[in-house]
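Here is what each chain is made of, one letter per residue.
Number of protein chains: 2
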Amino acid sequence: MAQAKTALIIGAGAIGSFYGALLYKAGWQVSVVARSHASIVQQEGYKFESPLGDISWQPHKVYRDASEAVNTFDYVLLCTKVLPQLDRVKLLAPWVGPNTVIALIQNGIDIEAPIANAFPNNPLLSCIAFIAVTRVAPSKVVHKAFGHLKIGGYPINYQQAAEPFAEALIAGGIKADIADDIVAERWLKCVWNTPFNPASVLANGADTLQMLDAPGGEAFIRALMAEVVAVAKAEGHALPEAVIDKNIESTRAMPAYRNSMAIDYLNGRDTETAAILGNVVAIAQRHRLATPRLEAMWALLQIRQEPAQV
Amino acid sequence: MAQAKTALIIGAGAIGSFYGALLYKAGWQVSVVARSHASIVQQEGYKFESPLGDISWQPHKVYRDASEAVNTFDYVLLCTKVLPQLDRVKLLAPWVGPNTVIALIQNGIDIEAPIANAFPNNPLLSCIAFIAVTRVAPSKVVHKAFGHLKIGGYPINYQQAAEPFAEALIAGGIKADIADDIVAERWLKCVWNTPFNPASVLANGADTLQMLDAPGGEAFIRALMAEVVAVAKAEGHALPEAVIDKNIESTRAMPAYRNSMAIDYLNGRDTETAAILGNVVAIAQRHRLATPRLEAMWALLQIRQEPAQV
Chain A
1 MAQAKTALII GAGAIGSFYG ALLYKAGWQV SVVARSHASI VQQEGYKFES PLGDISWQPH
61 KVYRDASEAV NTFDYVLLCT KVLPQLDRVK LLAPWVGPNT VIALIQNGID IEAPIANAFP
121 NNPLLSCIAF IAVTRVAPSK VVHKAFGHLK IGGYPINYQQ AAEPFAEALI AGGIKADIAD
181 DIVAERWLKC VWNTPFNPAS VLANGADTLQ MLDAPGGEAF IRALMAEVVA VAKAEGHALP
241 EAVIDKNIES TRAMPAYRNS MAIDYLNGRD TETAAILGNV VAIAQRHRLA TPRLEAMWAL
301 LQIRQEPAQV
Chain B
1 MAQAKTALII GAGAIGSFYG ALLYKAGWQV SVVARSHASI VQQEGYKFES PLGDISWQPH
61 KVYRDASEAV NTFDYVLLCT KVLPQLDRVK LLAPWVGPNT VIALIQNGID IEAPIANAFP
121 NNPLLSCIAF IAVTRVAPSK VVHKAFGHLK IGGYPINYQQ AAEPFAEALI AGGIKADIAD
181 DIVAERWLKC VWNTPFNPAS VLANGADTLQ MLDAPGGEAF IRALMAEVVA VAKAEGHALP
241 EAVIDKNIES TRAMPAYRNS MAIDYLNGRD TETAAILGNV VAIAQRHRLA TPRLEAMWAL
301 LQIRQEPAQV
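Respectively, the protein sequence lines represent chains A and B.
First residue of the first sequence? That's 1 in this note's numbering, and the numbers climb one at a time after it.
First residue of the second sequence? That's 1 in this note's numbering, and the numbers climb one at a time after it.
It is possible that some hints are incorrect.
Subject to a maximum C-alpha distance of 25 Å in a straight line, what follows is the list of computed DMTMM-like cross-link-like pairs (lysine to aspartate or glutamate) [as the list claims (entries may be wrong)]:
1) A:K144 to A:D181
2) A:K246 to B:D264
3) B:K140 to B:D65
4) B:K246 to A:E241
5) B:K144 to B:D65
6) A:K90 to A:D74
If you want the footprint, here are the derived chain B segments under chain A, 3+ residues with CB under 8 Å [what the hints assert, rightly or not]:
7) 214-220
8) 236-246
9) 258-264
10) 286-295
Just so you know, the hints here were simulated from the structure itself, not pulled from any lab data.
In this text, a Cβ means the ideal position worked out from N, Cα and C, and glycines have one as well.
The following block holds chain A by itself, in its conformation from the complex (with noise of 0.2 Å):
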């Protein structure tokens, strides 16, 4: 039998100690980063309420910070939100050696570049995960459903590196697939993301049938799909046609939800709008490209950010 692959998660918040948890599962050694509760998870482990049953797990060791830090980890998986004032290379760099393989498991478009750009000989997996997840307690998660992750190398497919990753998150219990294109697969899940999640954070925390039944909300919506379809477009990922329709008709066959980014906004916490948003008004800047209203969107959120003069 092959050595048992190592692991560690950098953010094993709700999401990164889900995917650990599969990991574990799987029969790999993993480890955790856990800067502001460390102890908790070192005595108790993960707990998780889940329909796959018992997924609790104990890490392998619970790293404080960097100061303790190996590189020999086979496979990193950064699993923090994608905040402009969180440095993601400099919270990588100190665990990741010459042959560990990235993985991102996180929210937004164009977020891999940078990555790869900073660790150019190691293989990069971006993944984008399909789930509801939420940390109730330091060391409990509670997994209301879904699991699928999607994973595609950038910007070659690493097909070595993802085919065990994506196996062991199988034998874990969830579906696990390998995209040919994962940046197209970013643009589609955008096509919902980067309109309803910042207008339900500049409405004050509006769920999804506040937003669809408003006097011209739907139309709102279709027109900011409309500009991220365009924006797609000129990046060179098309995305079937139906796909705005697509996008109401199941957003009005679930009931109203209130998504993360305005549950995270309603809470203080900080939001991935520049992830979601600001990244594609920037790409349609460089493409000179009119997207009027996902930049005022992305115009009010900043507003909100300058500090008061008065």
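Given the coordinates of chain A, work out where chain B should sit on it, guided by the hints.
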């Protein structure tokens, strides 16, 4: 000496009681409708702090509601906010007789037609107030600066109604002038208000310099202003070419300023977004004119009003 003219103020808040004070000072017999604070106003009148000196005054009569209505006033001044849920025709009707001049001292675009249609035989004066005034208690008003009133007949000039009104206000101590095209004057004011007021609400009360200094902020405000100018032009009111530059420059020359709509919003009071933004969007749609940024703000504000479903 001609008999003193009679006037009634409906909506005798800061603005209404201020212009009432000037008419009173000019010798008019001025009454008010004061639904919530009738007893206090009856006893104390309106006390003012003002650079114009002591303009405190006692209304001739203080009416509580329409059950006491008489319709023999020479002038009825409607000084309420313009809100979709407030039926202005119904507010006016009991007090308007066959010879009554109606004067609207109100904000917004396209606010005259419903009144002109309901009272086709009464002269209608549409007035724009340039003033900084705040009611600090039911019968106590602080007038900080300005007071200039632009007065214009709608849909025709109604010179005979406008002139005595302007003369009385000038006698009362402020600048008042008669505009040939009051609707054009409203558009000119909306070049500032329609972008800045709703943007500040959506940015949770941002002041002018926060808005202009945020990344992309000034470009956003300028683009909003350009949309307003385009709608005004489609309505036949071509505004001076330099109007956007002038508005930005004068705003930057002032100290940081939080506008009254933002203050209303932060204090949980109704805001005039429909009159100042919604009506502009509606006019643009009649002209099939694209105003994507104004529409985005209007949609977001309407989403905020939609009841939550979670």
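Unmet hints by their number, sorted upward, for this structure: As far as the earlier hints go, 1, 2, 4, 5, 8, 9 are violated by this structure, in ascending order.
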